[in-house]
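**Q** These protein sequences, in sequence, are chains D and U.
Residue 1 is where the first sequence starts when you use the working numbering, and the numbers rise one by one after that.
Residue 1 is where the second sequence starts when you use the working numbering, and the numbers rise one by one after that.
For the record, the hints were derived by calculation from the structure and aren't laboratory data.
It should be emphasised that the depicted structure is a prediction, and the values quoted were computed from it without experimental measurement.
Every residue gets a Cβ at the ideal spot worked out from N, C-alpha and C, and that includes glycine.
Accuracy of the hints is not assured; some may be wrong.
[What the hints assert, rightly or not] Stretch by stretch, here's where chain U covers chain D in the computed footprint (C-beta under 8 Å, at least three residues): (1) 122-132; (2) 186-199.
[Claimed, not checked] Facing chain D, from chain U, some residues (calculated, C-beta under 8 Å): (3) V15; (4) T74; (5) L143; (6) Q144.
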Amino acid sequence: MADVATLELTPPSAFAFLAGQFNMLYVFGLGEVAISLSGDPADESRVVHTVRAVGAVSRAITRFRRNDVIGVRGPYGSYWPVAESEGSDIVIVAGGLGLAPLRPVIYRVLAHREHYGRVAVLYGARGPAEILYRRELEAWRRLDVDITVTVDHAAADWCGNVGVVPALLPRVPVDPDHTVAMVCGPEIMMRFTVDALRQRGVTMDRIFVSMERNMKCAIGLCGHCQFGPAFVCRDGPVFRYDRIAPFFSIREI
Amino acid sequence: MQGLERIVLGQPFFVGLGPEFGAAISGCARNVRFAAGEYLFREDEPANEFYLIRHGTVALELHSPGQQPIVVATLREGDILDGSWLVPPYCWTFDARAFELVRVLGVDARCLREKCEADHDLGYELMKRFAGAMGERLRATRLQVADVYGQRRS
C-alpha cells in the first residue's frame, strides 16, 4: 500500500509489550501520535509499527529511512486476552489497518498453537492492492489456522473472495461457548461484525474490540480520548464488548 | 422422498421447509453443472431459472465496455444467486461467472412462480427466505459502499 509503512525500530534496551498495546511515537519538532504495536511480542529486540499516512506526523513517519531516530514512549493501554483465552477457539476479525494491532495476537497464538482450539482469521481489505502482510497471510495459511481474506472491490483477475468481512462469519465453524472473538477495524465494520458474532451465539463478554480515539497524553490525564466513562488510552484500546456496549452506538461518543 | 427433493430440503436456504413444499420445488428443479470460467448467466438475460449453489464459487460481475469486469461479490455453497426471477421484468442484473467447477440446483422460474401463485403458503415461505437473504445482501452492500477502510490508522 502506497501510504502505509511498517517501521522496525531498534530500542536501546529490551522492549516488552502485550498484544494490543500501543506506543506514542514522537517525530522531533513535529508532534506525537499513538500507534499500535504490530510486531511479535516474543521479540524484545525490535519495536514494530505499521503506520498509515493520515496526518503530518504519521506522514513523516512513513517517510522515515534507515538510521533515522524517533522518540518512543510506551507501551500503553490494555491488551487482547491472548493468554487468558488458552483452551478456547479464537476468531480474529480484522478490517483494513485493523490487522496491525491483531498481528501480535496471531504471532502469540501460533507460537503456542497447541494451547488453542480452532483458530480463524478473517481479514477484509478495500482491494487486493491494500492487503496488509500479504506474504505472512500466505505463510499462515500453511499452518493450522483458517485464514480467509476478502476485499470490498476487485477486478476479475482477483482469485480471492469479494465481499465484506462480517459476511464471512456465518461460514466459520463457531462453538459460541468456547470461542473468544477479537475484532479490530473501522467502527462501522466492528459494529457489523459484533452483530454477526452475536447472531452466531457468541456472547458480548467473549467479544473484544479495539477502539480508536484521538490520544494526546496516553496516561489517562488529558481526556482527549474519553469514551463514555472510559479513557481509551488507559482503559483501552482493547475493551471487552459488554463493558462498552452501552456507549458503542451513541452517536455523540 | 426422491433424490432431488432430499437435495432441495438439505439446502440451508430451505431449512425448516415442510416436505410438501420440498416436493413442489423439486418438481421444478434440476441439477446443473458449470465449468470453470463459464457464465451461469449475463446481465439483461431472462432470469428463467433460480439458482442455489451446491458446490463451488461464483463471481458476480459488473461489466463495463473496454474494461475488466468488476467483481462485486463472490458467492459459494449454500448461497442463492439472486431474486431477479421472482419479480418483473425477470431479468438478471449482473453477470455470474463460475470461478471453478460449480454445481447448482436450478429451479425453473416460471414453474415455481406458477406454484407460488397457486399456493400462497409456498409463496410466502419462499418470499420470507428471499427477503431475509436479500436483506443480508443489502446490508453487506451498504458496508461495501461505505468504503470504511479509507481513513483507518493503526
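**Q** Which numbered hints are broken by the structure, listed smallest first?
**A** The structure breaks only hint 3.
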